[in-house]
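Number of protein chains: 2
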Amino acid sequence: MYIPTYDDMLAAHDRIAPHIRRTPVRTSDYLNELTGAELFFKCENFQEPGAFKVRGATNAVFGLDADQAARGVATHSSGNHASCLSYAARLRGIPCNVVMPRTAPQAKKDTVRRYGGVITECEPSTSSREETFARVQAETGGDFVHPYNDPRVIAGQGTCARELWEQTGGMDAVVAPIGGGGMISGTCLTLSTLAPDCQVIAAEPEQADDAYRSFKAGHIIADDAPKTIADGLLVPLKDLTWHFVSNHVTEIYTASDAEIIEAMKLTWKHLRVVMEPSSAVPLAVILKNRAAFAGKRVGVIITGGNVDLDRLPWMPA
Amino acid sequence: MYIPTYDDMLAAHDRIAPHIRRTPVRTSDYLNELTGAELFFKCENFQEPGAFKVRGATNAVFGLDADQAARGVATHSSGNHASCLSYAARLRGIPCNVVMPRTAPQAKKDTVRRYGGVITECEPSTSSREETFARVQAETGGDFVHPYNDPRVIAGQGTCARELWEQTGGMDAVVAPIGGGGMISGTCLTLSTLAPDCQVIAAEPEQADDAYRSFKAGHIIADDAPKTIADGLLVPLKDLTWHFVSNHVTEIYTASDAEIIEAMKLTWKHLRVVMEPSSAVPLAVILKNRAAFAGKRVGVIITGGNVDLDRLPWMPA
Numbered sequence: 028m029y030i031p032t033y034d035d036m037l038a039a040h041d042r043i044a045p046h047i048r049r050t051p052v053r054t055s056d057y058l059n060e061l062t063g064a065e066l067f068f069k070c071e072n073f074q075e076p077g078a079f080k081v082r083g084a085t086n087a088v089f090g091l092d093a094d095q096a097a098r099g100v101a102t103h104s105s106g107n108h109a110s111c112l113s114y115a116a117r118l119r120g121i122p123c124n125v126v127m128p129r130t131a132p133q134a135k136k137d138t139v140r141r142y143g144g145v146i147t148e149c150e151p152s153t154s155s156r157e158e159t160f161a162r163v164q165a166e167t168g169g170d171f172v173h174p175y176n177d178p179r180v181i182a183g184q185g186t187c188a189r190e191l192w193e194q195t196g197g198m199d200a201v202v203a204p205i206g207g208g209g210m211i212s213g214t215c216l217t218l219s220t221l222a223p224d225c226q227v228i229a230a231e232p233e234q235a236d237d238a239y240r241s242f243k244a245g246h247i248i249a250d251d252a253p254k255t256i257a258d259g260l261l262v263p264l265k266d267l268t269w270h271f272v273s274n275h276v277t278e279i280y281t282a283s284d285a286e287i288i289e290a291m292k293l294t295w296k297h298l299r300v301v302m303e304p305s306s307a308v309p310l311a312v313i314l315k316n317r318a319a320f321a322g323k324r325v326g327v328i329i330t331g332g333n334v335d336l337d338r339l340p341w342m343p344a
Numbered sequence: 028m029y030i031p032t033y034d035d036m037l038a039a040h041d042r043i044a045p046h047i048r049r050t051p052v053r054t055s056d057y058l059n060e061l062t063g064a065e066l067f068f069k070c071e072n073f074q075e076p077g078a079f080k081v082r083g084a085t086n087a088v089f090g091l092d093a094d095q096a097a098r099g100v101a102t103h104s105s106g107n108h109a110s111c112l113s114y115a116a117r118l119r120g121i122p123c124n125v126v127m128p129r130t131a132p133q134a135k136k137d138t139v140r141r142y143g144g145v146i147t148e149c150e151p152s153t154s155s156r157e158e159t160f161a162r163v164q165a166e167t168g169g170d171f172v173h174p175y176n177d178p179r180v181i182a183g184q185g186t187c188a189r190e191l192w193e194q195t196g197g198m199d200a201v202v203a204p205i206g207g208g209g210m211i212s213g214t215c216l217t218l219s220t221l222a223p224d225c226q227v228i229a230a231e232p233e234q235a236d237d238a239y240r241s242f243k244a245g246h247i248i249a250d251d252a253p254k255t256i257a258d259g260l261l262v263p264l265k266d267l268t269w270h271f272v273s274n275h276v277t278e279i280y281t282a283s284d285a286e287i288i289e290a291m292k293l294t295w296k297h298l299r300v301v302m303e304p305s306s307a308v309p310l311a312v313i314l315k316n317r318a319a320f321a322g323k324r325v326g327v328i329i330t331g332g333n334v335d336l337d338r339l340p341w342m343p344a
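Sequence lines, in order, name chains P and H.
Position 70 of the first sequence, counting from 1, maps to 97 under our numbering, and the rest follow consecutively.
Position 208 of the second sequence, counting from 1, maps to 235 under our numbering, and the rest follow consecutively.
Hints listed in this document are in silico derivations from the structure and should not be mistaken for laboratory results.
Just so you know, these numbers come straight off a predicted model, no measurement behind them.
Using N, Cα and C, we set each Cβ at its ideal position, and we do this for glycine too.
Among the hints, erroneous ones may be present.
FRET-style restraints, in silico, Cβ to Cβ [stated by the list, open to error]: (1) P:Gly322 - H:Leu336: 27 to 35 Å; (2) H:Gln133 - P:Lys315: 52 to 60 Å; (3) P:Gln194 - H:Gln133: 29 to 37 Å; (4) H:Asp56 - P:Thr130: 25 to 33 Å; (5) H:Gly143 - P:Lys315: 25 to 33 Å.
Extracted from the complex, chain P is given alone in its bound form (with noise of 0.2 Å):
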């Protein structure tokens, strides 16, 4: 098992730079008086497919020989790893076979075939999705991308902590989602190095809380086809980004579907962005945990915001 380094974060910041964007930070008076916190919003919802795994996925795909190049990438995802391995393949002009639930959302697979990536339906649990993946990559011959436990997907989230970094000038923690642990892995890469004081903290739906359970446990524990609204955060933890977890997070807290529904709300009043139920996770987590934040500068990854806007959490079904 390779553990990329801080050196292959900033080598992977210089190959990937001219195709992301660098994100802005927002902020809100009204949820830092409403948090006691003051937050740093990173909209990575804003890069061009909408999720940071573009970060991840360009890093890949611009790092192959030409050979494999040639032919092509091959991944699972619930939705944005695929899209932005899609779209990072288009860029480079190779071919990109992906497979995903067929319980994914409408939008994700809209914006996966958009962006040229052939799609492969299995069932919404973690054995179908593997099994399904194993014959599309053998008779595709695609390089696997896979969406988080990869090293090359690690470095490339990490660039986004270190613009978070310089751009709010220094925070006293910074609060990502966890699903299968890329986007944290990534932060904690970072800012072990580039700021070692600085908490990285997780946040988790309580209906999918594997990394929660395997962070107190000490040992991996997944779960197989678990529900949430936070539909991102659905896949277990692997022994990379274990080892990141297990090494360097602080703290993971969990948020009932809810409570990441109201923060969903509250961020898209009050901040006016467009942002997925599992972006909303770590605002749940800071108005539920509020002692532990209170005064404090907070870095919060907002890290996707591919919704339907058809079906809102909060519309009548």
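Given chain P's structure and the hints, the job is docking chain H onto it.
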């Protein structure tokens, strides 16, 4: 009638800069491909109270002498001017009285009250609004800050186009919504000196097209109580804004409510910002008049982001 000058705009910018945000400019490759133009969206929805009107309101409030400041300010408004004037008055610590239609969105009333504004409701017509306001203004002695027909307000709004010009490094055209004409007048004020070759194009709902009909007729035509989803654009031109519209606006285009809603969804989906129906009229007219904009660098002012998330226009009633 005092016509505000370019120097008034520069003085306004110095006066308000400590109190407002220099809002970011967003772009979308997808929307550029769709329109054939290069679009630069100025995110005034990211002002703390959610609308560009904080510029003019802050300029008026911080320009008052101490005696008048003690009696505060008063206005009538369909929404954002009310919340922005309340916000500015609270920043200076002075009273703000607001006459607002009883049909205004609940989200806008809530915002005014959160900023300490005192609301007196009227019927949703221009005549009722003006009658009620005369009474409130006589009772309180507050300085009347008109939502748009006020040189201080127009000079303040003009600071937005100045920032947009600096942030983009130049454009062929700027498109903004037109209701009473405050933003369009400020844009004309600034660009007629700063960039006289840059077109200023107004975008208006078909169902409240009094500015369009005025522009074509050569004199002000006012509707009483028009109805459109773009509820920030219901008010008529007045003498001061008519001066700028008739002398400096290149063209006025209109769009139907269905086209406005479609453009609003497109922006939420691809730009991932929360904006009001009124702010979607520019993109609606750009999509409808593709040939007029294709190949050009076009600034689009996203005027506001205060919407009732429980009553979005594409939700079932």
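Numbered hints the structure breaks, given as an ascending list
Number 2 - this is the single hint that the structure violates.
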